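Novice: Respectively, the protein sequence lines represent chains E and H. Just so you know, we're using the numbering used here here: the first sequence kicks off at 1 and counts up by one. Just so you know, we're using the numbering used here here: the second sequence kicks off at 1 and counts up by one.
Think of the hints as simulated: they come from the structure by calculation, not from any bench. Being a predicted model, the structure only gives us computed values, none of them experimental. Some hints here could point you the wrong way.
In the SDA-like style, the derived pairs of lysine to any residue whose C-alpha atoms are separated by at most 20 Å in a straight line are [unchecked claim]:
#, chain 1, residue 1, chain 2, residue 2
1, E, Lys132, H, Val133
2, E, Lys132, H, Cys89
3, H, Lys118, E, Ile124
4, E, Lys155, H, Met64
5, E, Lys155, H, Met65
6, H, Lys132, E, Phe15
7, H, Lys118, E, His125
8, E, Lys118, H, His125
9, E, Lys132, H, Ala121
10, E, Lys155, H, Ser66
11, H, Lys132, E, Asn123
12, H, Lys118, E, Asn128
13, H, Lys132, E, Asn128
14, H, Lys35, H, Met4
15, E, Lys132, H, Lys118
16, E, Lys132, H, Ser117
17, H, Lys132, E, Gln92
18, H, Lys132, E, Asp136
19, H, Lys132, E, Pro14
20, E, Lys132, H, His125
21, H, Lys132, E, Thr95
22, E, Lys132, H, Asp97
23, E, Lys132, H, Ser139
24, E, Lys132, H, Lys132
25, E, Lys132, H, Ile124
26, H, Lys155, E, Met64
Read off the chains here:
Protein chains: 2
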Amino acid sequence: MEQMISEHLRKSFPFWENLSAAERQRLAANTVAYKYGAGQNVHSASNQCVGVLLVKAGGLRTYMMSEDGREITLYRVPEGGVCILSASCVLQNITFDVYIDAERDTEVLQVGSAYFSKLLAQNIHVENFSLKVTADAFSEVMWTMEQILFMRFDKRLAIFLLDEISRTGSGALHLTHEQIAKYMGSAREVVSRMLKYFEKEGIVRLARGTVEMINKEALKDMAM
Amino acid sequence: MEQMISEHLRKSFPFWENLSAAERQRLAANTVAYKYGAGQNVHSASNQCVGVLLVKAGGLRTYMMSEDGREITLYRVPEGGVCILSASCVLQNITFDVYIDAERDTEVLQVGSAYFSKLLAQNIHVENFSLKVTADAFSEVMWTMEQILFMRFDKRLAIFLLDEISRTGSGALHLTHEQIAKYMGSAREVVSRMLKYFEKEGIVRLARGTVEMINKEALKDMAM
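So here's chain E without its partners, still in its complex pose:
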């Protein structure tokens, strides 16, 4: 078990090589395997600093919640990802708080915030890694905000997909992302990113050269 944890930490943390043998051992000793059930809350403002989470299986959803309980999904941490905002208390420059739930049955390695915080204060590489994961989260949030606040491209893509399946009478589109981008006067990267977002939302399923519609109703809602 301990061997498995060390191995996972080594693969997930690029600063592993900048730790002493004693630090590595102590980091592993402060890490536990943990399971969250689908929908279970992992982190909230009142339940702070569970620690850094390494997602082994399943996935986490990070969201904001209004006083009246309205939720806005900010981004997801997939299998293999690192969740840092669950340890936001160790990062001085992060002054907001978010909610984090397990989106489905999820297995994590939970790196205790007390020892992580100590390492971060001592080792600039640990700090560097944490700040980079935070900057990645910032980029994800900005993308989500653009979608929410401006609602342009997702709507356009939903309309395009609906038009195409109604035109071809098939439940799947046999087009590459490159071709879709060309038809829509957009860039391949933009199309790919949005299709991946649709896939995460369970709206489409992607395979090489194919976009299969899973939830046509959601697409129609989006196109309105």
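Model the placement of chain H on the given structure of chain E, informed by the hints.
Specialist: Frame of chain E, contents of chain H only:
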């Protein structure tokens, strides 16, 4: 001039002490004083990487813009502040872009992104500083988003202020932030932060124990 620039860089950059004498000199040599007129665009997606900006006087406004030209202010960089998103190209973990304008006549020191990027790649202290400024920006953006998406506390505070001035028949409230927080069942920090936001927006003017209404119409719009 060169002396002034070095002195300003030393005060603004905590990593100054981690640079060699040659690096300090070269950083200063790659920095220029620059003036932007009120409303002038400083940075946009098509005009990338002007560099890191140190605001000597005036202030910068960072915002998102939709395809149809709608703007959403994300945060402001005041006098004495550091603007890093104007050099977002040097940060690999920042994959979005924003617009930055001078909010009024603004003097900056502009640290060229080419040399800054080189330093950042070589020196983890430079990188960590840049990432910390980015995390600060993330925190500011999250706060703004909560206001925009949930619109709770600003509305409540606007209603409170309007009620009070109508009750007292005066254009100014003689209450401390602590007292306002008590009346509203909130925390002093929350009230102070929102009042400062109102002040930046030109809605109120703050002095010790006093909140003076400057733009009552804006308050009324907010309370609706």
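Novice: If a hint holds in the structure, say so; if it does not, say that too.
Specialist: We went through each hint and held it up to the structure:
In summary, the hint linking E/Lys132 to H/Val133 is supported, as the alpha carbons are separated by about 12 Å, within the 20 Å threshold. Between E/Lys132 and H/Cys89 the alpha-carbon distance is near 15 Å, which keeps this suggested pair within the 20 Å criterion. Under the criterion of a C-alpha separation no larger than 20 Å, the hint pairing H/Lys118 with E/Ile124 is consistent with the structure, at around 19 Å. Only pairs whose Cα atoms come within 20 Å are accepted, and E/Lys155 paired with H/Met64 is accepted, the gap being roughly 19 Å.
Of the pairs offered as hints, the one joining E/Lys155 and H/Met65 holds, with about 17 Å between alpha carbons and a cut-off of 20 Å not exceeded. Between H/Lys132 and E/Phe15 the CA atoms are separated by roughly 18 Å; this keeps the pair inside 20 Å, and the hint holds. Proximity of H/Lys118 to E/His125 is assessed by CA-CA distance (about 18 Å); at most 20 Å being required, the pair is judged to hold. Using a Cα cut-off of 20 Å, the hinted pair E/Lys118 and H/His125 holds, with the two alpha carbons roughly 18 Å apart.
Proposed proximity of E/Lys132 and H/Ala121 is supported: the alpha carbons are some 14 Å apart, at most 20 Å. Of the supplied pair hints, the one linking E/Lys155 and H/Ser66 holds, its CA atoms being roughly 14 Å apart against a limit of 20 Å. Taking the CA atoms of H/Lys132 and E/Asn123, the gap is near 15 Å; set against the 20 Å cutoff, the hint holds. Pair hint H/Lys118 plus E/Asn128 holds up; C-alpha atoms about 17 Å apart against a cutoff of 20 Å.
With a CA separation close to 9 Å, the supplied pair H/Lys132 and E/Asn128 stays within the 20 Å bound. Between H/Lys35 and H/Met4 the CA atoms are separated by roughly 16 Å; this keeps the pair inside 20 Å, and the hint holds. Restraint check for E/Lys132 and H/Lys118: satisfied, since their Cα atoms lie roughly 18 Å apart, inside the 20 Å limit. Pair hint E/Lys132 plus H/Ser117 holds up; C-alpha atoms about 16 Å apart against a cutoff of 20 Å.
With a C-alpha separation of about 9 Å, the suggested pairing of H/Lys132 with E/Gln92 holds against the 20 Å cut-off. This hinted pair checks out: H/Lys132 and E/Asp136 have alpha carbons roughly 13 Å apart, not beyond 20 Å. Proximity of H/Lys132 to E/Pro14 is assessed by CA-CA distance (about 19 Å); at most 20 Å being required, the pair is judged to hold. Under the criterion of a C-alpha separation no larger than 20 Å, the hint pairing E/Lys132 with H/His125 is consistent with the structure, at around 13 Å.
Only pairs whose Cα atoms come within 20 Å are accepted, and H/Lys132 paired with E/Thr95 is accepted, the gap being roughly 12 Å. Restraint check for E/Lys132 and H/Asp97: the C-alpha separation of about 17 Å stays at or below 20 Å, so the hint holds. A distance of roughly 15 Å separates the Cα atoms of E/Lys132 and H/Ser139; the hinted pair therefore holds under the 20 Å criterion. Only pairs whose Cα atoms come within 20 Å are accepted, and E/Lys132 paired with H/Lys132 is accepted, the gap being roughly 9 Å.
With a CA separation close to 12 Å, the supplied pair E/Lys132 and H/Ile124 stays within the 20 Å bound. Distance hint between H/Lys155 and E/Met64 is fulfilled; the C-alpha atoms sit about 19 Å from each other, no more than 20 Å.
Of the numbered hints listed earlier, not one is contradicted by the structure.
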